[in-house]
Amino acid sequence: MQSFTVSTTSRQQIIDINKQVKDIVKDSKIKEGLCLIYIPHTSAAVIINENADPNIMLDIIDALNKVVPQGQWKHDKIDGNGDSHIKSAILGPSETVIIDKGELQLGKWQDILLAEFDGPRIRTVLVKIIGN
Amino acid sequence: MQSFTVSTTSRQQIIDINKQVKDIVKDSKIKEGLCLIYIPHTSAAVIINENADPNIMLDIIDALNKVVPQGQWKHDKIDGNGDSHIKSAILGPSETVIIDKGELQLGKWQDILLAEFDGPRIRTVLVKIIGN
Amino acid sequence: MQSFTVSTTSRQQIIDINKQVKDIVKDSKIKEGLCLIYIPHTSAAVIINENADPNIMLDIIDALNKVVPQGQWKHDKIDGNGDSHIKSAILGPSETVIIDKGELQLGKWQDILLAEFDGPRIRTVLVKIIGN
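Chains as they are written, first to last, in our numbering: chain R, 253 to 384; chain V, 253 to 384; chain C, 253 to 384.
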C-alpha cells in the first residue's frame, strides 16, 4: 500500500490527483491488474471525471450544494458539517481503475479527483495495486 | 467468498456492519489485499461513513428522501418502491477497502454501513477478499 | 483486459450489458475472483440495478434530471453537457462484482447497466477479471 497527502485550501474543492496516482502505478512495475484509490475520510470523496475544463469541478460542487445545502442537518449540532458527510456518502471514498501494459486505463478525458467537502485540511490518499 | 445476513427493522435504515466484515477479514488470515463488501439487492446499498453520531445516518436518509421522495415513480405501479431502487442505484451495491498488515484500512471515523431502502427485510452481505 | 462497445440511441438512456459481461466471465475460465466493469468516459456511468421493469431505468433518469437539469451549468458554455458530467460523477464509472464457482454473483434482480447521459454515442466498456 502506498499513500500521499493533499492539502486542500477551501471548504469545498475538487483537486486533480492524477499525477500522484500515475507515479505510484509506474513505480510499482505492475503490468496488469487493478488500482484502488481510497481516502480514509468521511467528509471527502474520490471521483473520476473531466478536469480539462475546471468549471466542471465547480458545477459538481454547485449541484451537490443545491441538493444538500449546508446548515440544516441534525449532525450540525456537533460540528457543522452534516452536509459534508452526506455528500461524501453519496460520492463514496474510492474508485478502482484497470492497469494494462503498465498504465492506468483512464479514458482520454478522465482524471482522478479528490473532492473536499470540509476543508481546508490535509487529506490522505491510499493507493493499493493488485496484479503482476 | 463469505457472507452474512442482516435483519432490518424499518423501511429506511442504515446499519453498521463493521464488526461482521472485520471478523471475516481476521478469519481469512489475508495480510494484504482488497476486501469487497457487496449486497446482491436492488433496493439497498453499501456505503462508508461515520456512525459515531447516529444522526449522520438520519441525515443521509433525509437528504435522499428530499431528492427522491416515495410515491411518484413509474415503477410504483408494480410494487411501490421506485424510490428505493433509485436511491440504491445512486449509492451503489458495494464498497472496496484495502487490507494491510491483516487489517482493514478504514479511517478513524469510517464505518461500513448497509443502507436499507425497502425494509424490513433480511439482507445478505457478500464479502470477497483478494490477496495473500 | 477485455472490452466491448455499446451504441446508445438517445441523449439519456440506460442499457443492460449483463450478457456481454457474463460472456467475458465465462470465456475467462476464472472460477473465483473479482470482475471490474469500467467505462473510460466522463458523461456516462456504470450502475447495477433491476432491469426487469424497464420503468426503473426511466425513473432513475427522471430523478437525476430533477436534481441536475440540463442547461444551467458553467461547463455548458463549452459543449452543453454540464449535466451529463455531474450525473456521471455522482454514479461513477465502474462497478465491481464477485466471481464464485465461475459465475458473477449478481442478485436475482441485479443487472449491470450502462447509463448514457450525452448520447447517442458509441461507448466502450472495459472488463478486468482478477482471480484464478
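Take these hints with a grain of salt, some might be off.
Which copy is meant is left open, because identical chains are indistinguishable; a pair holds if it fits in one copy or across any two.
[Said to hold, decoys possible] Derived lysine-lysine pairs resembling DSSO-like cross-links, with alpha carbons at most 30 Å apart:
#, residue 1, residue 2
1, K281, K353
2, K283, K271
3, K329, K360
4, K360, K283
5, K326, K283
6, K329, K353
7, K271, K281
8, K329, K283
9, K278, K326
10, K329, K318
11, K353, K271
12, K274, K326
13, K326, K360
14, K329, K281
15, K318, K283
16, K274, K360
17, K353, K318
18, K271, K360
19, K326, K281
20, K318, K281
21, K274, K318
In short, the hints are calculated from the structure, not lab data. In this text the structure is predicted, and so the values were computed from the model without any measurement.
Now the hints, each set against the structure:
1. K281 / K353: both (10 Å within a copy, 22 Å between copies)
2. K283 / K271: For K283 and K271, the Cα distance is within 30 Å both inside one copy (18 Å) and across copies (28 Å).
3. K329 / K360: between (43 Å within a copy, 20 Å between copies)
4. K360 / K283: within (20 Å within a copy, 33 Å between copies)
5. K326 / K283: neither (47 Å within a copy, 39 Å between copies)
6. K329 / K353: neither (50 Å within a copy, 37 Å between copies)
7. K271 / K281: Answer is within: at 16 Å inside a copy they meet the 30 Å cutoff, but 34 Å across does not.
8. K329 / K283: neither (49 Å within a copy, 39 Å between copies)
9. K278 / K326: neither (44 Å within a copy, 35 Å between copies)
10. K329 / K318: both (21 Å within a copy, 20 Å between copies)
11. K353 / K271: both (18 Å within a copy, 27 Å between copies)
12. K274 / K326: between (39 Å within a copy, 29 Å between copies)
13. K326 / K360: Between copies only: 21 Å across, 41 Å inside.
14. K329 / K281: neither (48 Å within a copy, 41 Å between copies)
15. K318 / K283: Intra 42 Å, inter 43 Å, cutoff 30 Å: neither.
16. K274 / K360: both (14 Å within a copy, 27 Å between copies)
17. K353 / K318: Result: close neither inside a copy nor across copies, 42 Å intra and 41 Å inter.
18. K271 / K360: This pair counts as both: shortest intra-copy Cα distance 14 Å, inter-copy 27 Å.
19. K326 / K281: neither (47 Å within a copy, 40 Å between copies)
20. K318 / K281: For K318 and K281, the Cα distance exceeds 30 Å both inside one copy (43 Å) and across copies (45 Å).
21. K274 / K318: neither (33 Å within a copy, 36 Å between copies)
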